[in-house]
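Spelled out from the first residue to the last, the chains are:
Number of protein chains: 2
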Amino acid sequence: MYYIGVDLGGMSIKAGVVDDRGNIIVEDRVKTQRERHYSLIIKDMADLCNKVVSDANLKISDIEAIGVGSPGIPNKETGVLLSSNNLGFYNVPLKAELQKYFDIPIYIDNDTNTAALAESVSGASKGYEHSVFITLGTGIGGGIIINNQIYSGFNYAGSELGHMCIIQDGISCSCGRKGCFERYASASALIEQTKEAARLNPNSKINIVAEGDFDNIDAKTAFIAQRMNDEVADKVVEKYIEYLADGIMNIVNILFPEIIVIGGGLGNEGENLLVPLREAAKKREYTSDIERTKIVSAVLGNKAGIVGAAMLGMKE
Amino acid sequence: MYYIGVDLGGMSIKAGVVDDRGNIIVEDRVKTQRERHYSLIIKDMADLCNKVVSDANLKISDIEAIGVGSPGIPNKETGVLLSSNNLGFYNVPLKAELQKYFDIPIYIDNDTNTAALAESVSGASKGYEHSVFITLGTGIGGGIIINNQIYSGFNYAGSELGHMCIIQDGISCSCGRKGCFERYASASALIEQTKEAARLNPNSKINIVAEGDFDNIDAKTAFIAQRMNDEVADKVVEKYIEYLADGIMNIVNILFPEIIVIGGGLGNEGENLLVPLREAAKKREYTSDIERTKIVSAVLGNKAGIVGAAMLGMKE
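These protein sequences, in sequence, are chains S and F. Per the numbering used here, the very first residue in the first sequence carries number 2; after that it's consecutive. Per the numbering used here, the very first residue in the second sequence carries number 2; after that it's consecutive.
Rather than coming from a laboratory, the hints here were simulated on the basis of the structure. Any given hint might turn out to be false.
Same chains, same label: a pair holds when it works inside one copy or across any pair of copies.
Below, in silico cross-link-like pairs of lysine-lysine (DSS-like), each with a Cα-Cα straight-line distance of 25 angstroms or less [what the hints assert, rightly or not]:
(1) Lys295 / Lys127
(2) Lys295 / Lys179
(3) Lys52 / Lys196
(4) Lys77 / Lys295
(5) Lys196 / Lys236
(6) Lys44 / Lys101
(7) Lys44 / Lys295
(8) Lys196 / Lys32
(9) Lys179 / Lys236
(10) Lys77 / Lys127
(11) Lys127 / Lys240
(12) Lys295 / Lys283
(13) Lys52 / Lys236
(14) Lys179 / Lys316
(15) Lys52 / Lys283
(16) Lys221 / Lys32
(17) Lys179 / Lys240
(18) Lys127 / Lys236
(19) Lys221 / Lys236
(20) Lys101 / Lys77
(21) Lys127 / Lys44
(22) Lys196 / Lys316
(23) Lys240 / Lys316
(24) Lys60 / Lys44
(25) Lys236 / Lys60
(26) Lys44 / Lys179
On a predicted model such as this, the values are computed, not experimentally measured, just so you know.
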């Protein structure tokens with residue numbers, strides 16, 4: 002049993018042939034060139050699907066289904082991409098257009114949801130019925146898996162974990178609210194917090210790590226300086242962990258998943274991030290009598306896009 | 002098809018015979034007398050079940066199942082009530098003990114979950130697949146319905162909507178965290194906010210409504226004084242609505258249920274509460290392109306306990 006997974010991004014379209022254990026057999030990519038009309042982009046998706054099938058020495062008749070992971074809000078039932086600022090797509094009939102090229106089932110879902118599904122089928126949350134996937138990047142994205150299925154709310158717009166208010170009247174967010182989780186606990190927020198600390202503390206080793214240039218500060222900088230025993234960096238990381246723990250424990254108290262998987266660039270910090278995060282989470286538990294939610298790093302990285310999209314077909 | 006629903010509370014045990022449309026045919030109650038050994042309390046539950054069946058001119062063989070809604074954290078699989086501070090029950094084999102008296106299936110769930118189920122089967126959220134039930138009382142309780150089923154997380158301890166931090170480092174909560182939703186938006190919180198405003202503003206009509214005695218201030222007081230055009234009360238209600246909207250929109254952005262049902266004493270304020278709440282919620286929407294979550298009042302009131310418990314049997 003083989004499936005095609007397509008990871009549609011603003012920069013590139015990736016596609017792969019995936020087996021029913023979530024292994025990528027063959028993969029390839031082309032540039033999205035998103036300024037073009039959607040019909041041209043979707044034709045490129047179709048060509049890429051055919052290419053990876055051919056590269057895998059298979060025929061399209063060997064493929065059970067095609068799954069597409071897309072940014073924005075796709076309607077899973079109709080296959081229409083309702084809106085994606087990233088692609089500049091609004092009400093694009095993605096499934097119908099792709100279906101012109103193929104006579105097999107096509108499924109579409111949001112790309113963070115497909116990444117969550119990938120981790121759940123063959124990654125860090127494999128074997129757990131209820132899991133939550135959180136990406137710490139420019140913002141905070143979320144994917145909720147309930148009973149081994151993607152849950153995204155009645156109009157496909159749920160699991161916006163980044164837009165949970167943790168500080169009333171806090172920093173303004175692009176969503177229109179104030180004090181959203183992602184304004185404090187995304188990778189971007191950590192970079193801002195690190196820069197601010199470097200600015201206020203010229204002698205901090207943050208400035209050494211950054212070679213004196215604030216533009217060199219990224220989400221790893223504070224962790225690196227912390228390992229150099231820099232007190233300022235230590236405080237930055239500690240405060241950042243508090244923000245992250247507040248949001249994560251809100252999710253735990255609401256959904257109580259068996260496991261939370263941390264992805265995105267910061268997920269790569271692994272135990273440097275997770276050990277203090279688990280401690281901060283433990284302090285926020287409302288009862289110690291019950292088995293706790295595990296907190297782990299994502300393991301599939303960039304592969305999650307193709308694998309999760311392919312799994313959409315397997316799950317149906 | 003008939004079911005028995007048992008609403009086990011700290012003060013009273015209520016039981017009723019319920020038909021498969023969620024109508025209560027007969028109901029009755031006895032005092033819990035919770036200081037007794039659990040085996041005596043559960044024997045009273047059994048006697049009450051037999052009484053309501055007899056009062057309905059039915060035999061126990063006409064009953065499909067017995068459902069029990071209990072405070073605390075019951076393990077649905079084993080039927081053990083893991084902990085209930087309210088009843089003083091810890092690791093009580095509730096189902097096994099009750100099963101001694103009956104040869105039909107017995108189910109157990111948390112009482113806020115059963116109330117959520119009741120509203121979903123025959124109340125305010127009837128006809129909606131995904132709903133969230135929120136009680137505004139001493140604390141804030143929650144029940145999550147996904148795909149017409151109660152969702153309570155992997156260890157039955159989820160949907161603790163009241164223990165979501167909305168104000169980092171805010172007021173200390175009994176759960177050990179700070180800034181929890183229920184410390185700002187429960188009925189008790191509103192009473193405290195109303196008392197504080199009355200204290201600071203002796204000329205406020207809140208003091209007239211309360212007849213000069215702070216002990217008379219309840220969750221309705223600020224709403225009554227607001228309708229008397231009292232500016233202080235207006236501000237109390239406005240701020241309270243802001244807290245409530247912050248928590249509710251967090252739930253919306255995470256779960257995006259079709260409908261949120263507000264229960265508990267404050268749910269009775271109806272449109273007085275809901276009209277400004279919907280406005281405050283609308284201001285916090287992250288996109289206006291999609292259909293929104295409805296916010297309504299619960300309709301079953303005290304009946305929800307018996308009906309929802311009975312529905313546990315119907316849902317299995």
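Query raised in the report: Between the shortest in-copy and the shortest cross-copy C-alpha distance, which are at most 25 angstroms for Lys221 and Lys236: within, between, both, or neither?
Result: within (14 angstroms within a copy, 45 angstroms between copies)
Query raised in the report: Can you tell me if Lys240 and Lys316 fall within 25 angstroms by alpha carbon in one copy, between copies, both or neither?
Result: neither (40 angstroms within a copy, 45 angstroms between copies)
**Report entry** Identical-chain pair category, Lys236 with Lys60, by Cα at 25 angstroms
**Finding:** neither (56 angstroms within a copy, 68 angstroms between copies)
Query raised in the report: How would you classify Lys179 and Lys236 at a CA-CA limit of 25 angstroms: within, between, both, or neither?
Result: Both: 24 angstroms inside a copy, 20 angstroms across copies.
Requested in this report: First find the shortest C-alpha distance between Lys52 and Lys236 inside one copy, then the shortest across copies, and answer within, between, both or neither for a cut-off of 25 angstroms.
Outcome: Classified as neither; 51 angstroms inside a copy, 64 angstroms across copies.
**Report entry** Intra- versus inter-subunit Cα pairing at 25 angstroms for Lys295 with Lys283
**Finding:** within (11 angstroms within a copy, 34 angstroms between copies)
Requested in this report: Go through the copies and call it for Lys77 and Lys295: within, between, both or neither, with a Cα cutoff of 25 angstroms.
Outcome: The answer is between: 21 angstroms across copies meets 25 angstroms, while 30 angstroms in one copy does not.
Query raised in the report: Given a CA cutoff of 25 angstroms, do Lys127 and Lys240 count as a within-copy pair, a between-copy pair, both, or neither?
Result: neither (31 angstroms within a copy, 44 angstroms between copies)
Query - Lys52 and Lys196: within-copy, between-copy, both or neither at 25 angstroms Cα - result: Classified as neither: same-chain Cα gap 45 angstroms, cross-chain 71 angstroms, threshold 25 angstroms.
**Report entry** Within, between, both or neither, where Lys44 and Lys295 count as close if Cα-Cα is 25 angstroms or less
**Finding:** neither (42 angstroms within a copy, 39 angstroms between copies)
Report task. Evaluate Lys196 and Lys32 at a C-alpha cut-off of 25 angstroms and name the case that applies: within, between, both or neither. Result -> neither (33 angstroms within a copy, 63 angstroms between copies)
Query raised in the report: Is it within, between, both, or neither for Lys44 and Lys179, if the alpha carbons may be no more than 25 angstroms apart?
Result: neither (41 angstroms within a copy, 53 angstroms between copies)
Hints 3, 7, 8, 11, 13, 14, 15, 16, 18, 21, 22, 23, 25, 26 from the earlier list are contradicted by this structure; the remaining hints agree with it.
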